[in-house]
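Using the hints, put the two chains back together into the complex; each one sits in its own frame.
Line by line, the protein sequences are chains D and V.
Under this note's numbering, the first residue of the first sequence is numbered 16, with each subsequent residue one higher.
Under this note's numbering, the first residue of the second sequence is numbered 40, with each subsequent residue one higher.
Rather than coming from a laboratory, the hints here were simulated on the basis of the structure.
Mixed in with the good hints there might be a few duds.
With a straight-line cut-off of 25 Å between C-alpha atoms, the simulated PhoX-like cross-links for lysine-lysine are [to be verified]:
1) K313(V) to K402(V)
2) K39(D) to K358(V)
3) K53(D) to K53(V)
4) K58(V) to K20(D)
5) K289(V) to K138(D)
6) K229(V) to K109(D)
7) K20(D) to K53(V)
8) K229(V) to K105(D)
9) K89(D) to K138(D)
10) K224(V) to K349(V)
11) K53(V) to K358(V)
12) K289(V) to K89(D)
13) K289(V) to K61(D)
Stretch by stretch, here's where chain V covers chain D in the computed footprint (C-beta under 8 Å, at least three residues) [what the hints assert, rightly or not]:
14) 34 to 41
15) 46 to 55
16) 66 to 80
17) 88 to 96
18) 148 to 162
On a predicted model such as this, the values are computed, not experimentally measured, just so you know.
In this text, a Cβ means the ideal position worked out from N, Cα and C, and glycines have one as well.
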Amino acid sequence: MKLKKPEMTINGEIQISYNWSPGKAGERFFRDLRDHMKIMGTRCRKCSRVLVPPRIFCEECFTDDMEWVEVEPKGTLATFGDCYFSTDGKRLEKPWILGIVRLNGSNGGLIHYIGEATAEELKIGMPMEIVFKEQREGNILDILYFRPVKE
Amino acid sequence: MARRVALVGVGMQKFDFRKTETVEEMVFDVARNALEDAHLQKENIDSVVFGSAVDAFCGINNSDKTAIDASTGLWKPTMRNSTSGSTAVSTPILGYNHVACGLHDLVMVICFEKMSENASAQAVFSTVYDEAFVRPIGLNVPIQCGLEARAYLHRYGLTERQMAKVSVKNRGNALSNPYAQLPMKLTVDKVLESPYLSWPVKLLDTSPVTDGARAVILASEHVARELTDNPVWIRGVGRGADSVWFMGRKNNDLGRLDYAYLAAKQAYDMAGIKNPAAEIDYAEVYDPFTYKEMQHCEALGLCPEGGAGKMIDDGISLKEGTLPVNASGGLQGEGNPIGAGMSRLCWCYLQIKGQAGDCQVPKDVNTAVCNAWGGMYQYNAVMVVGRD
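Chain V on its own, in the form it takes in the complex (with noise of 0.2 Å):
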């Protein structure tokens, strides 16, 4: 029987263009605050997890290597995980694994990317294609981005409009966001008339590149309970993975995330959630183009297949809203370090303990689901934190 998890501290920072520090700097500055927010020191922490998508972004190969002093992983088990994006997410489930199996008490997880290190991102991006018959195409993010989103518009007959919503919510959502690296006040007009990169999805559709870091610590029931009164559990956790042959999935559509629905589905069973549009009272959704948090609203049941137009075009995915989603910005507000989205983890636990500060929202929040993409539309990774 798996032990219980509680998260008992985050570390933040914000996200940008860190050009002064390294990825040790950048890695020790949430790992000092996660101890800070948890009132714990260094000699606490049993075991290090790390999470970091794509080495090449900054140019050093198993970069967690260079981590492990800034992250108090000095002397103990640290352990290295990547799933693309989705790392974000099946990072901190790596490390619950660590807790719930009885092996450590308390676990430290710190999720980096730096991505401003090199000449190009989408350089790096090519890197990643099947070498035989995808890369030498020269397929590149925008259209791989712009092949699921037609796909998935045309299956659910949703709009250019309603993912332009996406954005002026989430943009404007980072306004109150102190970590964000791009918050806007933006109308749907002004995302629909910034340029394609691949139709349907346009610049204001797209999150940006940048780098940070963030951190959370987890810990045992019994540890949980001398740290906190009334800890956050991870109450369910589900990973999903799809063929990266993806010119010839089952399901004959990229537009529906099988996977994704299959790690949501992992993660409810184990909280025991039947409906999770009534019982999640908040979710942030991995959100690197604005398509993305609707197929995810989706996936995660906030919405009906096919509904998340209606839920952004009702308000219900809004700050003030019935489910509100990525009040602290998301992606496309806070920045986009790929593995560092686990940011979408922290700002659960930060609206759990009603330490959102101004991205607070006005609803208690008990109950909240998170998640995270990769891959060649590949992998999706989810989490349901809550209170007892």
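If we strip away everything but chain D, and leave its shape as in the complex, we get (with noise of 0.2 Å):
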């Protein structure tokens, strides 16, 4: 049978709003984060590994004997990347950069925006600091982004 150009199609959408829950670790990250511009991690009592983003158990121990830990709001650049296409697809004349950091004093890290330097400028293994959004309300976002720290 060969493919041709139908005639017709049957045109509809699926509009679904969600609340998610944040869970009980996020949410105690996303108020710390909010109320302190703390980044928080859970660090595992037995094998002493500290989660970020936090999590009520750790997958290696298979055990929820965890403590809430304080880590640095720096780190250094695993890995990055440049995109050319808006969220919604579109074309963009300036790339926009996200970044993963593992961050210091912690065996988890965090992606995010990259600022204040453009992708050349940029290097796998660099220390980066985190930069806080001055109102914050509870979300990831209270994150503006990662730049390098100064020399």
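Written as structure tokens, this is what we have:
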């Protein structure tokens, strides 16, 4: 059977709004981020790994014997990616950049925007720091972006 | 003790925007083709296993239910599997489990994806990210792959030019594949000149969105021996999964696919393969992006770790090379209807049977390997198939 252009399509739309629970660990993380500009992780009392984003259990030890610890708003750039498309798929003149930063004093990290630097100025392994938003609301966008640590 | 399981038929169709068809019609086409290929009737099939990665592509939730009638599944035990992109190989592994455990003798495995039905495949992809820590930032597939590809090239000192050679190879190979959506005669420079999606990934490093389905029929040993004198056996299966929290993985680097090495080791141990680079004759390697073929060649042991650049530079993975990879064109050339990436397994079967048509490689193929990848750099599924 040869494929051809169809004469008909049935048009529709699926629009559903959600109210996602940040979870026990997420709620504490976003509250401390909003109220104290702190990055919190959870440390496994068994293996001592510090998880960021925090979780209520350690997936290695499979225990919930965890304690909250503050980690530095600084770390090293693990990798980064630039993008010439907006989130809704439009082509951009100037790319935006996302990076994964491993946070000091933790075994984890965060993915966020990279600011105050072009892709050419970035290098895997370079020190980065968090720039916080002034008016914070209790979500991941309370972090404005990561920027390279100034010498 | 697991029973031996053989592949006894495949159902192919062209990957394309199949806008004249429903999911059900697409599935009927490949199911019938597989029955014809295996010389079987609908009544012979004991059970059906479906694989589809993301329902939101076709906009019908639990889309497996629309495929029951068309898959020979009526009044039979059916089941659906989904492990993101790795659905393409984890689904036939689920079918394998059905036969190996002794429950069924003939299982139809159907994988499909209809990605042309939505207004934006990227919008669908954006719904797979973690809602609290990742999605609000606007991560998308291009950057997701840019992050990984950059870490990979950095770790092993590989180049964009080597990536481009994979695109030239696979899209060129697809010129011989009648089921391919995007065969192209390219040059390395042309790939390098194509626009960046996210460094180092360019448009021509990327596989196209498409529609399509594939079917395979799996049989127990005694049934397979009734159907054919020289069955193609499933010799090894393996799967590995890593944490969804990709920002804090144990190995500290997205460049190395620990979970894929794990999946490959399982499959090779089961198949008794000690030196894959020497013992594997042919490979269909999951290549949604060119660097993924390179990473997967390493994880599957087809070249040394970090050696995928040299492998393509030396022409080893070319159709006429000593270890051809994706002579079908892979996802780059054939198209990438996520779940229906089971095409990788179909082409291993066709190469072993000597039925790959113009894609047939100029060497004997007794043992072949295929894999698939998915999730937040998370899943890998590996299958080794071959003759006795």
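Okay, the hints, checked on the actual structure:
1. K313(V) to K402(V): holds (21 Å)
2. K39(D) to K358(V): Roughly 53 Å separates the two Cα atoms, so the pair is violated.
3. K53(D) to K53(V): violated (54 Å)
4. K58(V) to K20(D): Within the cut-off at roughly 7 Å; holds.
5. K289(V) to K138(D): Holds, because 21 Å separates the two Cα atoms, which is no more than 25 Å.
6. K229(V) to K109(D): Cα-Cα ~23 Å, so holds.
7. K20(D) to K53(V): holds (15 Å)
8. K229(V) to K105(D): Holds, at about 23 Å.
9. K89(D) to K138(D): holds (15 Å)
10. K224(V) to K349(V): holds (22 Å)
11. K53(V) to K358(V): holds (21 Å)
12. K289(V) to K89(D): Judged against 25 Å, a Cα distance of about 19 Å means the pair holds.
13. K289(V) to K61(D): holds (16 Å)
14. 34 to 41: holds (count 4)
15. 46 to 55: With 0 residues closer than 8 Å to chain V, the segment 46 to 55 of chain D misses the three-residue bar; violated.
16. 66 to 80: holds (count 5)
17. 88 to 96: holds (count 4)
18. 148 to 162: holds (count 3)
Going through the hint list in order, the structure does not satisfy hints 2, 3 and 15.
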